[in-house]
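Go ahead and model the full structure; you've got the sequences and the hints to work with.
Spelled out from the first residue to the last, the chains are:
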Amino acid sequence: MQEFIQLTVAGLAIGSIYALVALGFVLIYTTVDVVNFAQGDFAMIGAYFMVTCVLSWGLPWWLAFVISVVLAAIAGVVFQLLIYQPVKNRPRSFVPILIATVGASIFIEQAYLIMYGAVPYQVPGMFSVQTVSLGGITLYSQYLAIIVITAALVVLLSWFLEKTKTGLQMQATAQDPDTAKLMGIHTAWIAALVFAISAGTGGLAGILVAPVFNVSISMGSSIALKAFAAAVVGGFSSVRGSIIGGLIIGLVETYGATYISGSYRDAFAFIVLIVFLVFRPYGLFGEKTSDKV
Amino acid sequence: MIKQFLKFSPLMLFFAVVPFFLPEGRAGSYYLTLMILSGAYAIAALGMTVLLGYAGQVSLAQAAFFGIGSYAFSILAVKYGQDFWLSLFGAVVIALIFGALIGLLVLRLRTHYLALVTIGFQIITNLVLNNWDFTGGSDGISGIPRPSLFGIDFMSDQNFYWLTLVFITLAAFVVYRLRYSLLGSTLLALREDEIAASTSGISVVAAKILAFSVCAGLAGLGGAFYASGSMYISPNVYTFSQSVTIFAMVLIGGQESIVGTILGAALLIFLPEMLRFLHDYYIAVYGLAVVVIILFMPKGVYGSLASGAEWGWQKLFAQRQTEIPTASTVQQAPPEKAAVRSDEVILKISDLHKYFGGVKAVQGVDITIRRGDVVVLIGPNGSGKTTVLNTMSGIYKATRGEISFCGHDIVNKSAHQISRLGMSRTFQNIRLFAELSVIENVAIGFYPKATVGVVGTLLLRPKGLREDRQAEEKAKQTLLLLGLDRFHEKAKNLSYGEQRIVEIARAIISDPEILLLDEPVAGMNREEKIRLSGILRTISGMGITILLIEHDMSFVSEVSTYLYVMDYGRLISEGVAREVLKDPAVIQAYLGGEIEDA
Chain A
0 MQEFIQLTVA GLAIGSIYAL VALGFVLIYT TVDVVNFAQG DFAMIGAYFM VTCVLSWGLP
60 WWLAFVISVV LAAIAGVVFQ LLIYQPVKNR PRSFVPILIA TVGASIFIEQ AYLIMYGAVP
120 YQVPGMFSVQ TVSLGGITLY SQYLAIIVIT AALVVLLSWF LEKTKTGLQM QATAQDPDTA
180 KLMGIHTAWI AALVFAISAG TGGLAGILVA PVFNVSISMG SSIALKAFAA AVVGGFSSVR
240 GSIIGGLIIG LVETYGATYI SGSYRDAFAF IVLIVFLVFR PYGLFGEKTS DKV
Chain B
0 MIKQFLKFSP LMLFFAVVPF FLPEGRAGSY YLTLMILSGA YAIAALGMTV LLGYAGQVSL
60 AQAAFFGIGS YAFSILAVKY GQDFWLSLFG AVVIALIFGA LIGLLVLRLR THYLALVTIG
120 FQIITNLVLN NWDFTGGSDG ISGIPRPSLF GIDFMSDQNF YWLTLVFITL AAFVVYRLRY
180 SLLGSTLLAL REDEIAASTS GISVVAAKIL AFSVCAGLAG LGGAFYASGS MYISPNVYTF
240 SQSVTIFAMV LIGGQESIVG TILGAALLIF LPEMLRFLHD YYIAVYGLAV VVIILFMPKG
300 VYGSLASGAE WGWQKLFAQR QTEIPTASTV QQAPPEKAAV RSDEVILKIS DLHKYFGGVK
360 AVQGVDITIR RGDVVVLIGP NGSGKTTVLN TMSGIYKATR GEISFCGHDI VNKSAHQISR
420 LGMSRTFQNI RLFAELSVIE NVAIGFYPKA TVGVVGTLLL RPKGLREDRQ AEEKAKQTLL
480 LLGLDRFHEK AKNLSYGEQR IVEIARAIIS DPEILLLDEP VAGMNREEKI RLSGILRTIS
540 GMGITILLIE HDMSFVSEVS TYLYVMDYGR LISEGVAREV LKDPAVIQAY LGGEIEDA
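Line by line, the protein sequences are chains A and B.
So in numbering that gives the first Met the number 0 the end of the first sequence lands on 292, straight run, no missing numbers.
So in numbering that gives the first Met the number 0 the end of the second sequence lands on 597, straight run, no missing numbers.
Honestly, the hints are just simulated from the structure, not real lab data.
Computed from a predicted structure; not experimentally measured.
For every residue, glycine included, the Cβ atom is placed at its ideal position computed from N, Cα and C.
Don't take every hint at face value.
Unchecked claim - Example chain A residues on the side facing chain B (calculated, C-beta under 10 angstroms, incomplete):
1) PRO85
2) VAL86
3) ARG89
4) GLN109
5) SER127
6) ALA144
7) VAL147
8) ILE148
9) ASN213
10) VAL231
11) TYR263
12) ASP265
13) LEU272
14) VAL277
Structural data, given as structure tokens:
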């Protein structure tokens, strides 16, 4: 029982990380209709900013945290200007965008390899105590931090999307970019904002997971692929869907690796993904759409 | 066919003599090994040309199929001591089966969802290769043999390289043959518009499975050559990033070009060598190069160079000879069927219902159409006319009701089956295969008439070649009959009216029993309308029964022999035009009146 609870907390924590990155996919996809295969690299970028801030500059954790998230968000804006804007109007544009984002992902990872080298970095977590004991069960403090911060962010983001003017403009752009433009919404600015938020949440995910996984150039792509699965499970259409999808993937993976096979750890997410895509391609919360004739 | 394929011979000749120009000694043999590996990858990339370039399906699992080919070959050859040729055959077949299964699995998926499943398959395959004892785990398999045939020993790199070239040529031929056959045109149709493809009698399921099988089969062939060429394999060759590399080979070649793909494969295998002076920066530069190529060369490196060269050629020597007969000089083709109106009922819809969730779009419609009729279905916007048409042609599943067509119960049959029974249609918002030429668009409509299968097509059975020619001839005839002669223009470059004509030509090339037209004159000017009513008379004269949806009342009165009127999903009137148009219920539906319960 104790092991099961520990695994559940670990699964929810890692699932929260997938959820944050999945959230980025979904926001970009619903607003500008693009699947960004470099999404995971924002997590890596965020984590490396943290490395620089904490290990090189010796900044306090909280300050480093804020700076890193902001810098990751800025990286997102630069990314959308360089990669998304030039290709967005091409016919069947998802193929060039897919490959451009894959190419960009290769470039970003290799650029970081050159800058930071292949040896992984260890960064401190949010708390100086490693573990806490709750009723005889020992839990990693960082796992709890991940879960709490993710929950807080989801509440904040939902409020932003539902209640603020800018959030509603984003939703309007998602519904119909042309009409949104006619209504005076600056859609180019909205696109930049969406990439900034997505990269910011991605960066946040990387920073939160850094003490668990260590910071390396491969961390982004492995998180990204699981986050894709999470987004699909959630239906690729809503904040709620990506969070629940992320948690499901995190739990399935953690339980599967412990109870079934550790060496196939990475396969579980994809088995869930394939099962969903074949039997329920619109996910748990997605709307079933059909082609308009 | 063979003659046209010979245009690749300079390229193959060039590659064949390359070994004579390599430096002596170790450097030379190193380059030769790279050439062999490029060849193996080129074969796999040609598979992607079919899947991505022709069929428009995204797969990031080509390295997995490549790996399945390599492992199947090596296990057959090393563990079971089978002969080279049998192992090679086994590798292709096993990879092909996996491809067909994946094709079946992803039938309903498109775009990035498709990309995701293939990534999943890629990663799972790699995990299995790494962890399964049978495949040698992370150590892989060594001691993989090379063949000998007719006393020629292919142990030497040079001979093996030439053998690889022979198989690249074979693979290129398969791909080329697919591109210019009726069978292959179903893949192009799939890429351009699945719905239009299925209403033209193409089974989307069959086309997808064909594309995935050919793609995976060629990957398996390439994988076998990779294994035999390098004589040692391990799982780290068959990774996701390798799949991206193979994808990039095709993109650099410009997606659809065979020559481009082969050169793309060679380029990406040799690029590390050329960029070796960059040391650690190599992969970063590679990633950047991929981005730059995508952003600035939409047709790929080779495609951009080739179209540049073509442009220059045309500037210098442009005197394009057009010997296409103009429409006015061509005699009208004789009608195939006698133009008779008869009392034979060819289509009968009884009590048709179609609900979308709570929206009752069609609720209890009965329509009877007799051979030779020109039946028009009218009604205000949103009255359910197009839904009736879509349910008839198999795009929607009926909620309830019966449709019998020429003695077949067609309710809930799939669109391509219904099309093959002789029901053709056009769409309200024209659905053409935009990137294909006018003649290709129309010839695709002939595909249901083709009888030669995959094997017959690839083995160049005369019947297949004859059918391809027949389709082209018939397409030309049909287009001329409708007064259009811009055969080789891309469909997307035509005017709206011309596109409409191409769509009609595509629908009637298969000599259907009935033609369904959804608002054919919408958006047309007076001249175009007159031209279209002439076309409808011609089609009717060919013995094809017509059902059309229309709003233009003068047009309706002119062409119709019988009229049905719909409002709120029900029929409100029927009869000949001059009577129905006086019916108070019809006038009220169109011009409004007291609101009453429907």
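Numbered hints the structure breaks, given as an ascending list: 5, 6, 7, 8, 9
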